[in-house]
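*Asks:* Construct the entire structure; sequences and hints are all you get.
From first to last, the protein sequence lines are chains A and B.
Just so you know, this note's numbering puts 80 at position 41 of the first sequence, and the rest follows in order with no gaps.
Just so you know, this note's numbering puts 472 at position 39 of the second sequence, and the rest follows in order with no gaps.
Just so you know, these hints were derived from the structure itself, not from any lab.
Predicted model, so just to flag it, every value in this text is computed and none were measured.
Watch out, some of these pointers could steer you wrong.
[To be verified] Computed, partial: chain A to chain B, Cβ under 8 angstroms:
| # | residue |
| --- | --- |
| 1 | Ala-99 |
| 2 | Arg-143 |
| 3 | Gly-145 |
| 4 | Gly-152 |
The beta carbon of each residue, even a glycine, is placed where N, CA and C say it ideally should be.
Here is how the chains run, residue by residue.
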Amino acid sequence: VQLVESGGGLIQPGGSLRLSCAASGVSSSNYAMSWVRQAPGKGLEWVSGISWSSGTTYYADSVKGRFIISRDNSKNTLYLQMKSLRAEDTAIYFCAKHNAVGPRAGMDVWGQGTTVTVSS
Amino acid sequence: DIQMTQSPSSLSASVGDRVTITCRASQRISTYLNWYQQKPGKAPQLLIYDESNLQFGVPSRFSGSGSETDFTLTISGLQPEDFATYYCQQSFSSPYNFGQGTKLEI
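*Replies:* Dropping the structure here:
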């Protein structure tokens, strides 16, 4: 099972970016997925999650209203659309697979991360 | 929101030691508590899920216990590869917050 993130980069404050996470080796459609970020030198911050069916989405207060999580199960791909980006959104963004259909379970598979830098 | 508080924030130990890291939730979370290990430059790795269940492939020297709000991760017989940062995370309700981390150093 492998998760590979892409889409990170340098973006100006106020800009938008879409991250992708491609799953291989297992059908991620049977599991909930989340995005977790880590600012430079800081701890882990859970950002957003989505149930296996895409019926329910969840967000941290820090990104609510600015980020949208979605998935395309036919492509085995998870997305994070980010808008109104701020300097404090600068971080490595990891996608992770939960070990259940909903997010009330540990995250047992992680990608290697993609770096987002918000700076002018 | 449920806040997770880990202690200590850093810990010095030696190979062969038994160490305990604690995690406190700001409200009851039943057994919805997970532990992760992260090494520098790497993604986190799930060690323990649902308070006390060892993830497949994780050595048995790792164990977890707890009761509703107070949880512990114990490593019995530290190995050189165990020196890393450890995080607890609650999966009871959104937002699924992590603790601030415990850095385990030699």
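*Asks:* Which earlier hints can't be squared with this structure?
*Replies:* Of the numbered hints, all hold.
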